[in-house]
Amino acid sequence: MALPSDAPPEPTLAHDFVAGVDGALEELYRDLSPLVYSMAVRALGSTADAEDVTQQTFVSAWRSREGFDPDKGELRGWVVGIARRRIADALESRTRERRRLQAVADVAPAEESGPDDAESVLLAYEVNALGDPRRTIVALAYFEGATHEQISERLNMPLGTVKSHIRRALITLRDRWEVSDVAS
Amino acid sequence: MSHPDDEFLAELALNGADPSDPALAEATPEQRARFDALRAMAARLENADSPAEPLLTPPARVWDAIVAELEADDSTDTSGDEARASVGAAAPAEPGTAQPSTAQPPRATGADELAARRSRRQPWWTVGAAAAAGVVIGGVGVGAVLMSSEDDADLRVVAQTTLTDLASEAGAGEAILEARPDGTQVLVIDTEFEELDDAYLEVWLIDESIEGMVSLGHLTSTTNEFVIPAGFDVAAFPIVDISVEPLDGVPTHSGASVTRGVLEL
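As they're listed, the protein sequences go chains V and D. Numbers given in my numbering equal positions in the first sequence, counted from 1, plus 13. So in my numbering, spot 18 of the second sequence is number 3, and the numbers just go up one at a time.
Bear in mind the hints are in silico, worked out from the structure with no lab data behind them. Accuracy of the hints is not assured; some may be wrong.
Simulated restraints on C-beta separations [claimed, not checked]:
hint: 1; chain 1: D; residue 1: T208; chain 2: V; residue 2: A61; range: 55 to 61 Å
hint: 2; chain 1: D; residue 1: L232; chain 2: V; residue 2: A61; range: 48 to 54 Å
hint: 3; chain 1: D; residue 1: P214; chain 2: V; residue 2: T160; range: 40 to 46 Å
These stretches of chain V come out as covered by chain D in the derived footprint (C-beta under 8 Å, 3 or more residues) [unchecked claim]:
hint: 4; region: 38 to 47
hint: 5; region: 67 to 76
hint: 6; region: 130 to 136
hint: 7; region: 139 to 152
hint: 8; region: 179 to 186
Given the structure is predicted, the values throughout are model-derived calculations rather than measurements. Backbone N, C-alpha and C define an ideal beta-carbon position, used for all residues, glycine too.
Given only the sequences and the hints, what does the whole structure look like? Please build it.
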């Protein structure tokens, strides 16, 4: 399975982060900067812009950390919500710039990427974060197009168990997705 | 937040039902909202293009720029746009280097000290999650037993799972969750092992996202049954994990999982 093997941050990190504990931002950055940066690269198609978005996201998260309640929300979803807003801002200012240029010369818009690309990075990350066996089952079903019967056979797992894992995975993914959606 | 009827709604969404499905005729607006969210999530999965590409790591200068920007905050005492807090001496250190923090309030002893020690230790889940990635779990659900033998005075098997040796992927015995007549649940570990001189084996229950965990105690040649604390919901922590713990007094998981299984509840 060519999935990244990152795991979610420890629950206590959220409390340390909000309390401003030395090293908490560094730890959060180590955990989440690959996700934020990859989302931005895919959405913006530019590593320079993605670096800016990544910087803005973590600076903004640190400055506004007191607005995050570690007992009510999930830190990862909250940070991803900030990243989504920064990506949207970058796309918007790019559109404005393009319009300005088009007013001068007739430049054809280069429509190569957008927020959907960031979402596919996030989706892959969240699927991975499901942990096994759900990560493997969902990847087989949706990334490799295997039927539930094929998965059952390949993993030597009863068909009903496969289906139950997919249902529970869908519920978990929806819950995780909503955290960062609400934050945005 | 998960709800009891989420499984039903998820099944509908996975079967391609739309909001006009007769099964939803009497659904409340709140249930419909959850169904819509599940349906949207299923559509995202359906449209997922390809296996995940490995994540990219931003260049080191991004972290440097973050540190520089936050240090600038501190020296100019800015206030304004976002709920801004002083970064103080807590401006993050360069990765991998210790930074003397002069203005840092002295750390309290006790819980804080423990937290500090814990943070120096390798996060347990990096090892655990990597190991789990290679495990195919042979969990067997026996929920039917639970429902059909309510009056049985004997020990009832609530769930059981085959344990897998994470190093060899070989079967390594079984973990069985039993209920006593008084309702107490007991986890019985049936596995072969050798006692170690400089370390011990610890039994854990871990949640599926590998975030939360609880220690049940030490596995020894005389102790292989672990009473589940009253009110503790094993369904929320279905992964049975046995780790090697060094004799270092650190109460958290060492990250060295040797055996795992997942209870189907």
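Here is how each hint holds up against the structure:
Evaluation of the 55 to 61 Å hint for T208/D and A61/V yields a pass: the beta carbon distance comes to about 59 Å. Our hint of 48 to 54 Å for L232/D and A61/V holds, since their Cβ atoms are close to 51 Å apart. Judged by the Cβ atoms, the range 40 to 46 Å given for P214/D and T160/V holds: they are separated by roughly 41 Å. Coverage of the region 38 to 47 of chain V by chain D holds in this model, with 7 residues showing a Cβ closer than 8 Å to a Cβ of that chain against a need of three.
Residues of the region 67 to 76 of chain V lying with their CB closer than 8 Å to a CB of chain D number 7, which satisfies the three-residue condition for coverage. Residues of the region 130 to 136 of chain V with a Cβ under 8 Å from some Cβ of chain D number 4, which satisfies the need for three, so the listed coverage holds. Under a criterion of three residues with beta carbons nearer than 8 Å to beta carbons of chain D, the stated coverage of the region 139 to 152 of chain V is upheld, 12 such residues being counted. Under a criterion of three residues with beta carbons nearer than 8 Å to beta carbons of chain D, the stated coverage of the region 179 to 186 of chain V is upheld, 7 such residues being counted.
No hint from the list above goes unmet by this structure.
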